[in-house]
Amino acid sequence: MFTAGAGCPNLVAQYQRPVTPALPAEATLADVMAVVNNNSARVQSLYSTDATISAPWFPTLKARLAFQRPQRFRLLARTSLSGPELDLGSNNELFWVWIARTQPPQTYFCRHDQFARSPLRRTFPVEPGWLIEALGIVKLDPLDEHHGPTRREDGHWEIRTAQRGPEGTLTKVTVIDSSRGWVLAQRLYDTRGVLLASAKASEHRRDPISDAVLPSQIEIEWPAQAMSLRVNLGDVQINQPDQLSDHLWTLPDYPGYQLVNLADPNMQLAPPTAASSSPSQSATSQGVPAAAMPASHAPAHPTAASASVAPAYLRARPSY
Numbered sequence: 001m002f003t004a005g006a007g008c009p010n011l012v013a014q015y016q017r018p019v020t021p022a023l024p025a026e027a028t029l030a031d032v033m034a035v036v037n038n039n040s041a042r043v044q045s046l047y048s049t050d051a052t053i054s055a056p057w058f059p060t061l062k063a064r065l066a067f068q069r070p071q072r073f074r075l076l077a078r079t080s081l082s083g084p085e086l087d088l089g090s091n092n093e094l095f096w097v098w099i100a101r102t103q104p105p106q107t108y109f110c111r112h113d114q115f116a117r118s119p120l121r122r123t124f125p126v127e128p129g130w131l132i133e134a135l136g137i138v139k140l141d142p143l144d145e146h147h148g149p150t151r152r153e154d155g156h157w158e159i160r161t162a163q164r165g166p167e168g169t170l171t172k173v174t175v176i177d178s179s180r181g182w183v184l185a186q187r188l189y190d191t192r193g194v195l196l197a198s199a200k201a202s203e204h205r206r207d208p209i210s211d212a213v214l215p216s217q218i219e220i221e222w223p224a225q226a227m228s229l230r231v232n233l234g235d236v237q238i239n240q241p242d243q244l245s246d247h248l249w250t251l252p253d254y255p256g257y258q259l260v261n262l263a264d265p266n267m268q269l270a271p272p273t274a275a276s277s278s279p280s281q282s283a284t285s286q287g288v289p290a291a292a293m294p295a296s297h298a299p300a301h302p303t304a305a306s307a308s309v310a311p312a313y314l315r316a317r318p319s320y
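Numbering of the sequence shown is given in this note's numbering, commencing with residue 1 and proceeding in unit increments.
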């Protein structure tokens with residue numbers, strides 16, 4: 001699916017050359033929007049064949065990552081011993097989530113427009129649109145309702161954006177480097193002010209060809225699901241679409257895994273099931289995700305309505 005193109009051997013060194021200030025000392029909203037949007041517009045596609053992902057509940061997994069506008073995304077993770085473990089993907093119509101140790105074996109998918117109205121949106125946090133923004137590919141839409149920029153205690157700018165949807169008005173907070181205009185953090189809050197998701201970006205690097213600046217480290221958290229994920233992008237290649245095959249953006253068919261539509265109105269979340277031993281205890285923990293199934297087949301359980309379909313080995317260890 002990925003073609004290993006000829007990378008520039010000095011890519012990382014050129015990424016890290018000194019960067020001149022992009023924002024004035026007293027930046028306006030128009031200044032910040034222009035710098036952020038212009039940087040994102042430079043990235044039409046990207047891919048990395050040596051990325052890694054890790055979390056508190058599983059060791060580092062080798063990963064391949066790709067993005068192509070407008071909504072094409074793919075993150076494939078595996079171990080050298082047990083093979084494929086995780087597949088998060090999206091095309092311009094729908095997205096999918098496949099986890100090797102799901103019980104029962106299922107591949108979750110949903111159309112983008114239907115997921116926006118799905119009752120499972122709050123309890124199913126792994127939506128690729130958020131992952132694309134976490135990469136630093138952020139657009140501050142001039143038609144949206146923005147407040148700021150406000151100077152934070154650490155000196156950086158903060159912009160608050162109202163996002164209106166079926167569940168009410170969500171608030172997205174974007175933290176931007178006050179000098180260079182890089183996106184440093186993003187947080188999404190529900191109508192009650194409860195944090196739904198956050199993404200922190202660090203170790204930014206400039207691509208010498210496109211002149212785009214992207215982070216090389218991303219930390220993503222979904223507090224309600226006690227989930228966290230760290231992504232190291234590795235050696236990213238930007239704007240080389242010929243290295244990305246069309247098959248990369250196709251909903252996969254994993255033998256033995258049932259396709260489950262998250263937009264099914266009869267869907268409800270079942271409780272977590274007991275784990276089976278993995279081929280390699282070093283590859284994952286023994287946790288498995290809760291199953292999503294039609295309500296008529298879901299077993300009764302007092303916590304069924306709140307159990308997360310996110311895999312246990314993607315969840316952050318709770319603190320007591």
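Hints are not guaranteed to be accurate.
Straight-line distance between alpha carbons at most 20 Å, and here's what the computed EDC-like set of lysine to aspartate or glutamate pairs gives [claimed, not checked]:
| # | residue 1 | residue 2 |
| --- | --- | --- |
| 1 | Lys139 | Asp235 |
| 2 | Lys200 | Glu219 |
| 3 | Lys172 | Glu219 |
| 4 | Lys200 | Glu133 |
| 5 | Lys172 | Glu153 |
| 6 | Lys139 | Asp154 |
| 7 | Lys139 | Asp177 |
| 8 | Lys172 | Glu158 |
| 9 | Lys200 | Asp177 |
| 10 | Lys139 | Glu153 |
| 11 | Lys200 | Asp154 |
| 12 | Lys200 | Glu158 |
| 13 | Lys172 | Asp50 |
| 14 | Lys139 | Asp31 |
| 15 | Lys172 | Asp211 |
| 16 | Lys139 | Asp50 |
| 17 | Lys62 | Asp177 |
| 18 | Lys200 | Glu221 |
| 19 | Lys62 | Glu219 |
Keep in mind that the hints were calculated from the coordinates and are not lab data.
Do the hints match the structure? See the list:
Taking the CA atoms of Lys139 and Asp235, the gap is about 24 Å. The hint is violated against a cut of 20 Å. The straight-line distance between the Cα atoms of Lys200 and Glu219 is roughly 5 Å, inside the 20 Å bound, and the hint therefore holds. For the proposed pair Lys172 and Glu219, the alpha carbon gap of about 17 Å is at most 20 Å, so the pair holds. The hinted pair formed by Lys200 and Glu133 meets the criterion: a straight-line CA distance of about 11 Å does not exceed 20 Å.
For the given pair, Lys172 sits about 19 Å from Glu153 by alpha-carbon distance, which is consistent with the 20 Å threshold. Annotation: proposed proximity of Lys139 to Asp154 is violated, straight-line Cα distance about 23 Å (limit 20 Å). With a CA separation close to 15 Å, the supplied pair Lys139 and Asp177 stays within the 20 Å bound. Distance restraint check for Lys172 and Glu158: the Cα-Cα separation of roughly 10 Å lies within the 20 Å cut-off, and the hinted pair is therefore satisfied.
For the given pair, Lys200 sits about 12 Å from Asp177 by alpha-carbon distance, which is consistent with the 20 Å threshold. Our distance criterion of 20 Å between C-alpha atoms is broken by Lys139 and Glu153, whose separation comes to about 24 Å. Restraint check for Lys200 and Asp154: satisfied, since their Cα atoms lie roughly 15 Å apart, inside the 20 Å limit. For the hint linking Lys200 to Glu158, the alpha-carbon distance of about 14 Å falls within 20 Å, and the restraint holds.
For the suggested pair Lys172 and Asp50, the alpha carbons sit about 31 Å apart, so the restraint of at most 20 Å is broken. Taking the CA atoms of Lys139 and Asp31, the gap is near 13 Å; set against the 20 Å cutoff, the hint holds. A hinted pair counts as satisfied when its Cα atoms are at most 20 Å apart, and Lys172 with Asp211 does not qualify at roughly 27 Å. In summary, the hint linking Lys139 to Asp50 is not supported, as the alpha carbons are separated by about 27 Å, beyond the 20 Å threshold.
Distance hint between Lys62 and Asp177 is unfulfilled; the C-alpha atoms sit about 30 Å from each other, more than 20 Å. With a CA separation close to 9 Å, the supplied pair Lys200 and Glu221 stays within the 20 Å bound. In summary, the hint linking Lys62 to Glu219 is supported, as the alpha carbons are separated by about 16 Å, within the 20 Å threshold.
The structure shown violates the earlier hints numbered 1, 6, 10, 13, 15, 16, 17.
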